[in-house]
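K.L.:
Residue strings, one per chain:
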Amino acid sequence: MLRGLKWKFILYAAVVLFAILLLLPTLTTQLPSWYSKIIPSEKIHLGLDLQGGMHLILEVEAEKAIESYVERIRNDLRDDLKGNGIPFGKLEREKNNQIVLEVSGNREKLERLLSQRYAIMRELSSSPLEQGIWRVVLVLDSRQAEQVKKNAIDQALETIRNRIDQFGVSEPEITLQGTDRILIQLPGVRDPQRAINLIGRTALLEFKLVDEEGDLEAALKGDLPEGDIILYQRSVDPKTGGVRKIPYLLKEKTLMTGEYLKDARVAIDTQFNEPYVALEFDDVGGKLFEQITGANVKKRLAIILDDNVYSAPVIQERIPGGRAQITGRFDMKEAGDLAIVLRAGALPAPVKIIEERSVGPSLGQDSIRQGMISILISAALVVLFMIFYYRLSGIIADIALILNVVLVFAVLAIFRATLTLPGIAGLVLSVGMAVDANILVHERIKEELRWGKTTRAAIDQGYHRAFTTIIDSNITTVIAALFLYQFGTGPVRGFAVTLFWGIVANIFTAVFVTRWMFDYLTLKVGMKKLSI
Amino acid sequence: MELIPPNTRIDFIGKKKYTIWISAVAILLSLGSIFLHGGLRYGVDFAGGILIQIRFSETADISEIRDALDAMGSKEANVQNFGGGNEFLIRIEKTSEDLEKMSKNIQAALQERFKGKALEIRRVEVVGPKVGKDLKQKALWAVGLSFAAILIYVAWRFRTVAYGLGGIVALFHDILITYGAISIFQLEYSLPLLAVILTIIGFSINDTIVIFDRVRENIKKMRKENLETIFNVSINETLGRTILTSGTVMMVVLILFFFGGPVIHDFTTAFIIGLISGTYSTVYIASPVVLFWERHVSGRRGRG
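Keeping their order, the protein sequence lines are chains A and B.
Residues 1 to 532 (the working numbering) are what the first sequence spells out, left to right.
Residues 1 to 304 (the working numbering) are what the second sequence spells out, left to right.
Mixed in with the good hints, there may be bad ones.
Here are the in silico distance ranges between beta carbons for each label pair [what the hints assert, rightly or not]:
{"hint": "1", "chain 1": "B", "residue 1": "Trp141", "chain 2": "A", "residue 2": "Leu176", "range": "16 to 24 Å"}
{"hint": "2", "chain 1": "A", "residue 1": "Glu290", "chain 2": "B", "residue 2": "Lys117", "range": "51 to 59 Å"}
{"hint": "3", "chain 1": "B", "residue 1": "Trp141", "chain 2": "A", "residue 2": "Ala267", "range": "53 to 61 Å"}
{"hint": "4", "chain 1": "B", "residue 1": "Ala108", "chain 2": "A", "residue 2": "Glu252", "range": "31 to 39 Å"}
{"hint": "5", "chain 1": "A", "residue 1": "Glu123", "chain 2": "B", "residue 2": "Ala108", "range": "46 to 54 Å"}
{"hint": "6", "chain 1": "B", "residue 1": "Ile20", "chain 2": "A", "residue 2": "Pro361", "range": "46 to 54 Å"}
Derived pair list, reagent style EDC-like, types lysine to aspartate or glutamate, alpha-carbon separation capped at 16 Å [to be verified]:
{"hint": "7", "chain 1": "B", "residue 1": "Lys115", "chain 2": "B", "residue 2": "Glu64"}
{"hint": "8", "chain 1": "B", "residue 1": "Lys130", "chain 2": "A", "residue 2": "Asp180"}
{"hint": "9", "chain 1": "A", "residue 1": "Lys352", "chain 2": "B", "residue 2": "Asp98"}
{"hint": "10", "chain 1": "B", "residue 1": "Lys104", "chain 2": "A", "residue 2": "Asp191"}
{"hint": "11", "chain 1": "A", "residue 1": "Lys352", "chain 2": "B", "residue 2": "Glu100"}
Some but not every residue of chain B turned toward chain A, in silico, with C-beta under 8 Å [to be verified]:
{"hint": "12", "residue": "Lys130"}
{"hint": "13", "residue": "Lys138"}
{"hint": "14", "residue": "Ser146"}
{"hint": "15", "residue": "Gly202"}
{"hint": "16", "residue": "Leu244"}
In short, the hints are calculated from the structure, not lab data.
Think of the CB as a built atom: it goes at the ideal place given N, C-alpha and C, for glycine as much as any other residue.
Using the sequences plus the hints, can you model the full thing?
P.N.:
Given below as structure tokens:
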């Protein structure tokens, strides 16, 4: 028995010591560098509700990615039909994944083209309209559509990660939630609106030609020439703050996008002393740009970002070297953010912010301070009450309670868990159950003593009897916590995590550690009468 | 030290014909209040909408904020003082329009209007309607499934479904009463209050199992007694522990209630009611359900 006591002590002390070592990185930053090589130096993170910062959930509109994918196929198909000399009338996208096509002439030629180059488009139906004209409906293969969606979401995640990295936030968290949502946590962000503009912007850069022959006035009245679109340039008057929208009649076809960008930087216009964004294309993009400008000298090329025209300068000559610039009335911050999003690349599909929570740093501190003070007061009262009511045994219970909290925090640190308000509620519940476990044991020992048992027998019986009660009630709660974790979301999970580990720690401290202390006092110290 | 003298024999179960009315009235009040108010007052977390918390460096007039919001066309905004004369909550329950843009406009308008007063935007929450609905649904599922698991585990440990049922019925009772309190005090049902509900579930089932456990032990010892007596003895034997545990927790919650500040005031109000209900329901809901089931359904004539 005495030998067993020694081994138990070594085991329990080792667990507690390890827990304290795990907690040190959270408590202090001044640890020697060798420390992190031996002990995992993960920290407990405070949730944004406690620390201040910003929490965003974005929904990637992946259907739109399919739409633009099919749109690209339609453009390719038009070129191929022309190239193969297949006469066609209507060629339109329907819904987001279908192309409707009206062709005449040699069907075999068409079938060959479709099966050779457009295998990912399944032929949904084909029916004769009138003499020699067929209406063919193509639909994007559903497996391919899934792939496009998945790629879009992966790419959106990657792009947003890049943008935030360049924005410079310490310890951001960017994760996929479910299938099409992106959870973003930015601790300590001071200007949430700016962060939103940076993250949520699609940043699709396009170059399109201005339709010089088309009639803008007529187009604005609804008579839009075939293959044209109208986009606007927003210009803000710096004096009045009023917004003016200038319409442009553009060729719908996009000549080039931002995918060939190598770099985007802020530069200062020496003439007007205004910042602009200088673009640099990669080799392929440079050649393409040279080709486009060479073929359209004296025409106007519109530079469009997210359907807003930024400028439409006249191409004076062929531009080699792959450089261009975006001007507009930017201030330095705007130009800098624009350069970041262009460098990080466009989002493959628009994103929608479906949840935003931002907490200013002062509020986070306030809620921590106020919460901490009242938690400390109540913890002190519980500790004092246990000593007052149970005397020496109360001190044993208090040691167990403190160990309990230390262990839970150590586990939270290893798993890099984030402590939020619901998480603290889970912790409070588990501490409440730890108090209860101690009370159960003590009351049971007292009962056994009343029935005339010796001190030793009362301790043995007390623990033995209380054990089943504690196990039953704790396991029931653990089961509930597991289910809440498995099926709950964010806050419900935060609650479940601290509750689960709180109860695991509780069984260890309230059942095994306190037992050791009682055994030590009665067997080793030789205490005859229990102070309980 | 003894809180409860040994051999205390209060006839708890015998009073159940009176307490059933207490529970019935409490449940009716809860349901009535929820019904009359047309459901709970959901916060932004669940209903979707915008919440903006602002603070001025000096005391400000609430009507001035209302004016500023009216001027920009946000007539449905609800402005409320939030602890002290310089801190306010602005709430907009809206689910259709572009919330993100609206929140941006409101913030800009406020900054513009109160330029001189050092306005600080302390908290912004914008929750799309789908998010809130998702959260509600997922939480409901999680709680429902955990109830089923509790029922199965308790029924297995106690070798009869009666105890599992007793525990679950008591849980429903406590949740209903707590929601009733939330409705009667017109607290805003948001995430922290969901955390309260989860915590109450934990405490209530814990309390119930402690007494059931003693009953299980006493059934073996007191073979001649009927189940009602055994429940009474068990409740009396564990009375000291019940008062100590619930009392300690109540002490903590009361401290949080008085000193925790406005942020957790709603939280603790609901908690106090739930805690009382959870302790009460062990004796007057969970135990009578077991007694009823064992007598009338499993036909053991009140023997365990």
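K.L.:
Are the hints correct? Go through all of them and say.
P.N.:
Quick rundown of the hints versus the structure:
1. Trp141(B) x Leu176(A): 16 to 24 Å: 21 Å, holds
2. Glu290(A) x Lys117(B): 51 to 59 Å: Given about 57 Å between the Cβ atoms, the range holds.
3. Trp141(B) x Ala267(A): 53 to 61 Å: For Trp141(B) and Ala267(A) the Cβ distance comes to about 55 Å; the hint holds.
4. Ala108(B) x Glu252(A): 31 to 39 Å: Holds: the Cβ-Cβ distance is about 35 Å, inside 31 to 39 Å.
5. Glu123(A) x Ala108(B): 46 to 54 Å: With a Cβ separation near 52 Å, Glu123(A) and Ala108(B) satisfy 46 to 54 Å, so the hint holds.
6. Ile20(B) x Pro361(A): 46 to 54 Å: 52 Å, holds
7. Lys115(B) x Glu64(B): Given pair Lys115(B), Glu64(B) holds - Cα atoms ~13 Å apart, limit 16 Å.
8. Lys130(B) x Asp180(A): Holds. Lys130(B) to Asp180(A) sits at ~13 Å (cutoff 16 Å).
9. Lys352(A) x Asp98(B): 10 Å, holds
10. Lys104(B) x Asp191(A): 12 Å, holds
11. Lys352(A) x Glu100(B): 9 Å, holds
12. Lys130: 6 Å, holds
13. Lys138: With a closest approach of 5 Å, the Lys138(B) hint holds.
14. Ser146: 4 Å, holds
15. Gly202: 5 Å, holds
16. Leu244: 5 Å, holds
Every hint from the earlier list agrees with this structure, and none is contradicted.
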